[in-house]
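Asks: Heads up: the protein sequence lines correspond to chains A and B, in order.
FYI, the numbering for the first sequence is 1038 to 1344, going by my numbering.
FYI, the numbering for the second sequence is 8 to 521, going by my numbering.
These aren't lab readings, by the way, just hints derived from the structure by calculation.
Quick caveat: nothing in here was measured; it's all calculated off a predicted structure.
Mixed in with the good hints, there may be bad ones.
Here are a few chain A residues that sit away from chain B, every Cβ distance over 10 Å (derived from the structure) [claimed, not checked]: (1) 1056; (2) 1188; (3) 1196; (4) 1199; (5) 1203; (6) 1241; (7) 1263; (8) 1304.
Cβ-Cβ distance ranges computed for the label pairs, FRET-style [claimed, not checked]: (9) B/104 to A/1120: 57 to 67 Å; (10) A/1079 to B/448: 21 to 31 Å; (11) A/1093 to B/131: 21 to 31 Å; (12) A/1054 to B/163: 52 to 62 Å; (13) A/1079 to B/104: 52 to 62 Å; (14) B/390 to A/1081: 46 to 56 Å; (15) A/1189 to B/496: 35 to 45 Å; (16) B/500 to A/1136: 29 to 39 Å; (17) A/1204 to B/500: 24 to 34 Å; (18) B/463 to A/1106: 28 to 38 Å; (19) B/496 to A/1204: 21 to 31 Å.
We treat Cβ as the ideally placed atom computed from N, Cα and C, and that holds for glycine.
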Amino acid sequence: MLNYSLKRLASAIPTLLILITVAFFLIRIAPGGPFDSEKALPPEIEANLEAKYQLDDPLIIQYFRYLGDIAQFDFGPSFHYRDWTVNQLIAQGAPVSFTLGGIALVLAFVFGVGIGIWAALKQNSPSDYLTMSVAMIGISIPNFVAAPILILVFAITLGWLPAGGWDGSIQRMILPAVALSLPMIAYVARITRGSMIEVLHSSFIRTARAKGMPEHEVLLRHALKPALLPVISYLGPAAAAILTGSVVIERIFTIPGIGSHFVQGALNRDYTLVMGVVIFYGVLIILLNYLVDLLYAWLDPRIRYEG
Amino acid sequence: MNPAAATNPTQASRRAGCVASLLAVALLIWASVAGAAGEIHRGLGPSPDTLDIHRAQGLSAFNLLRDLHEGLLTRDAAGRPVPGVARAWEVSDDGRTWTFELDPDARWSDGSPITTADFERGFARAVDPSTASPTAGWLDPVEAVTAVADNRLQIRLERAVPWFEELLTLPVTFPWPGAGRELFSGAFVLDERVPGARFALRRNLNFREAGTVAADAVVWHVTEDPSAELGRFRAGELHITEAVPPGRLDWLKRELGDSLRISPYFGSFYLVYNLRRAPLADSPALREALSLAIDREIIVDRVLGTGELPAWRLVPPGLEGWPDQPPPEARMSRSERIGRARQLLSEAGYSERPLTVELRFNSSLAHRRLAAAVAAMWKQHLGISTRLVNEEWKVFVTNRRHGRITEIVRGGWIADWADPGNFLGNFHSESPLNYAFLRDERLDELLDRAEQAHGEVRTRILWQAEQALLDRNAIIPLYYYVSRHLVRPEISGYEDNPMDIHLSRWLRLEPGQR
């Protein structure tokens, strides 16, 4: 097991290096630079700025220097937010994004699993079809459509909740978290329903029922755990969906998380900020996939021996 | 808990607990939505790059800095320059020596007095190349800044500058307390900053006119997207918006008519020809024809529809002393203009030959609509096809500046100070903002002469300069901007003005309102 986990961890390093390299050169290829604006700067000022941010060296030298810096966890100063370093911006944005993403994930699993089980128990009844059709719609509606509708209904028409902004209070988290979790609730519900139906038809459930076990115990003790396995394996992709989804949601709700830094950073050609966020996202996704893999290996010995 | 242990009394208390916590949540929600009394919430637009007075640029940074700091002069509610840290000043007859008397009540937010040294230090840092100030160029006419007495500051200019009072309201001229000292000279101090979210300001108790400031606190919310900003305004979270989304004016007038504020703005929108690219560069007649074929009335009424004024000249109306004389094109009827355009087109030799021109603009809904309308008019009236190229902002400004691939680009200018020279100077052959790459000796000579002139003489020279620019057909003026905001009726002290400057110190949230 230890051997397997170390091997998996070692393979993460080249992945990360490729990610950093591709991202570094991609953002530099984009036309326009961090200091371009409508009112062009005098040449001497521009030269000064480029020297200050070490943009005057050949690109390859900048690349290796950057690798050296991030090896020491120094992501450099932000090119656009001049009063801040990238480390500060990420440290300030990450808790916001994590809170939002965490709530969305909990909502997705609680509601998704609940709805899925309910639909499985009512298999092929009208309510099953109805729930699953709604879930299908939920998966198909992108959250940049769902979010403004939620704002229109709950913030503007009903006036129950704020339309945007972030101050760490619960009521400002509700709408963005719901918008972020909606497609996932639908997805989790469908997975849960499918696997629950499969499990309910297996022989050990039939045995349990034959023994005369009460139905709720059959469900909770025997059926739920195996039925949840595919849902757990969805954790990795779900986290990735939250990260990419938050880029859109944070912008719509003006939430100062990592996602909005990513979009704004790219538009501003804030090289260091974009790189910092890419690396942060990259490490996060690699780490989550790694954890899910470990969980798999722990659940299924075949994987760890073959690996 | 073992469910069997649950009895009626505990169930009841649990229910009571539920109700209590629900109530608490409701109260929490109500309290936070309602906000504190005397707290004004304003939309800021994009997150500013920095709050360093010398390095900041862009409207959002300036709006914040004007609340936090004050120069020798400041702006009143109507946007006019009025005494700030300087309570009085004298100007020498040649207009080159300005002597300011500092207000003894002017203090930093820690209570220490604002001195002449703070200004000397500020000006020195602004022009120091290592500061890399993007706005230091504004100080080019300044020769020397010296303290002549304890509270008297003298500024010597290389030449008389008619907009000097306005220049002194800009952040690059503000006093500077020195490195590492975060002090404020304005009506508010910075309480909290969350990049990408908000800047919370609280009343500066040491401000020289603290007694006249009505608001206890001002929160500037970053609002990158006008539609999202509108949503927050409608949900009651903003008192004043920075922008209004385009193309929804009728709906806004109907729904939010009492809040909608549209007012003339010293800004001009035009298209620019790249005079280095054939065939447009070689044919003034073709350029004039393209300009005449665009119906400005349709543009402002049907395409924009937010009260903009049709433009045939560069400099917007309303600047002091600027003649209000519409050019001949403005007096022609639509059919006369189109007839003249077709005649010019055939003189240029393009009436039979097919021609495709390129119109390049930065991505925005408003620009796309406008470009499509212009292309349709060129096609309908002149038979000229247009290739519309839509680029993201950084790509667009880079291409426009280099001028290697552009033909016709979107241009536009918003006044740094209320002066015609501020618009016309962009077409001097040495200006870095000359996207037309115009080299016109007469225009250069007139602009240089205007720098040495004053008053009516200067205005007359600049008027001739504008005519010289228009005679070259280097640009197609399309319309003059308006400022657009939503302001809740409970806000008083907000005066529409053509510089669109609204310091929070003049605003008041009427009591009993939130």
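Asks: Work down the list of hints and note, for each, if the structure agrees.
Replies: Hints and how they fare:
1. 1056: Correct as stated: the minimum Cβ-Cβ distance to chain B is 23 Å, above 10 Å.
2. 1188: Its Cβ does come within 10 Å of chain B, the nearest being 5 Å, so this is violated.
3. 1196: violated (7 Å)
4. 1199: violated (6 Å)
5. 1203: About 6 Å separates residue 1203 of chain A from the closest Cβ of chain B, which leaves it inside 10 Å; violated.
6. 1241: holds (27 Å)
7. 1263: At about 26 Å from chain B, residue 1263 of chain A clears the 10 Å cut-off, so the statement holds.
8. 1304: violated (7 Å)
9. B/104 to A/1120: 57 to 67 Å: 36 Å Cβ-Cβ, so the 57 to 67 Å window is violated.
10. A/1079 to B/448: 21 to 31 Å: holds (24 Å)
11. A/1093 to B/131: 21 to 31 Å: holds (26 Å)
12. A/1054 to B/163: 52 to 62 Å: holds (58 Å)
13. A/1079 to B/104: 52 to 62 Å: violated (27 Å)
14. B/390 to A/1081: 46 to 56 Å: The hint (46 to 56 Å, Cβ to Cβ) holds, given that residue 390 of chain B and residue 1081 of chain A are roughly 48 Å apart.
15. A/1189 to B/496: 35 to 45 Å: violated (23 Å)
16. B/500 to A/1136: 29 to 39 Å: Check passed, 38 Å falls within 29 to 39 Å.
17. A/1204 to B/500: 24 to 34 Å: holds (27 Å)
18. B/463 to A/1106: 28 to 38 Å: The hint (28 to 38 Å, Cβ to Cβ) is violated, given that residue 463 of chain B and residue 1106 of chain A are roughly 60 Å apart.
19. B/496 to A/1204: 21 to 31 Å: holds (26 Å)
The structure is inconsistent with the numbered hints 2, 3, 4, 5, 8, 9, 13, 15, 18, although it conforms to all the rest.
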